[in-house]
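Numbering (numbering that gives the first Met the number 0), first residue to last: 0 to 152.
Hints were generated in silico from the structure; no laboratory data involved.
Just so we're clear, the structure is a prediction, and the values are computed from it rather than from any experiment.
Be a bit skeptical, because a hint or two may be false.
With beta-carbon atoms standing in for the labels, derived distance ranges [claimed, not checked]: (1) 16 with 150: 35 to 41 Å; (2) 48 with 110: 26 to 32 Å; (3) 150 with 71: 30 to 36 Å; (4) 53 with 5: 42 to 48 Å; (5) 57 with 16: 26 to 32 Å; (6) 92 with 137: 29 to 35 Å; (7) 139 with 92: 35 to 41 Å; (8) 2 with 144: 35 to 41 Å.
Ideal placement from N, C-alpha and C gives every residue a C-beta, glycine not left out.
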Amino acid sequence: MPAAAAQDVASIDAIIKTLYAVISGPVGQARDWNRLRSLFVPDARMMPVGVRADGGTGMRLLRVNDYVALSGPMLVERGFRETELARRTEQFGHIAHVFSTYEGKVEAGTAPMRGINSIQLMHDGQRWWIVSLMWEAENPKLALPAQYLPAGR
């Protein structure tokens, strides 16, 4: 595991901002995948959820390196920016759960996509770690509820 920069993992706010920053960038800009890896516990999972071709719901179960191998080239080739629109955080002791509403956009002129990142975090007494990241994007049958959007959106 690459060592994390202390400022990237010092707080829940810092680790979430770093997560969005590291996957975002213009066409041709290499991402700092070691910085991404440094945010996650070893064997953490990244799990996109979505509608399958048969109309059912499915989930992919990825390790961070799987995500980098599958999505990394597309993020660089097409450019991608993801920003946080709103956040709801629950914390007890050394664990936290963050529902982070996002908006993502591929630079190639496509319409923005929105969804929710469900992020489980753990503090080990020194820093925050991402334990799991599950996300689902809006689709024609699933709109973001008002309570997960900023006022006026």
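Exercise for the section: Could you say whether the range 42 to 48 Å given as a hint is met by the Cβ separation of residue 53 and residue 5? Expected result: Holds, since residue 53 and residue 5 (Cβ atoms, about 46 Å apart) stay within the stated range.
Problem - Outcome for the supplied range 29 to 35 Å, where the beta carbon pair is residue 92 and residue 137 - result: 33 Å, holds
Exercise for the section: Using the Cβ atoms, figure out if residue 139 sits within 35 to 41 Å of residue 92. Expected result: Holds, since residue 139 and residue 92 (Cβ atoms, about 40 Å apart) stay within the stated range.
Exercise for the section: Look at the Cβ atoms of residue 48 and residue 110 and judge whether their distance stays inside 26 to 32 Å. Expected result: Distance hint for residue 48, residue 110 is violated at roughly 20 Å.
Practice task
Kindly confirm whether 30 to 36 Å is satisfied by the beta carbon distance between residue 150 and residue 71.
Solution key: 35 Å, holds
Exercise for the section: Determine whether the Cβ-Cβ distance between residue 16 and residue 150 falls within the hinted range of 35 to 41 Å. Expected result: Given range 35 to 41 Å: violated, Cβ gap about 21 Å.
Problem - residue 57 paired with residue 16, Cβ distance criterion 26 to 32 Å - result: Taking Cβ atoms as reference, residue 57 and residue 16 lie about 30 Å apart, which means the hint holds.
Handout entry: Beta-carbon spacing of residue 2 to residue 144 - inside the hinted bounds 35 to 41 Å or not
Key = 38 Å Cβ-Cβ, so the 35 to 41 Å window holds.
Checked against the numbered hints above, the structure breaks hints 1 and 2 and satisfies the rest.
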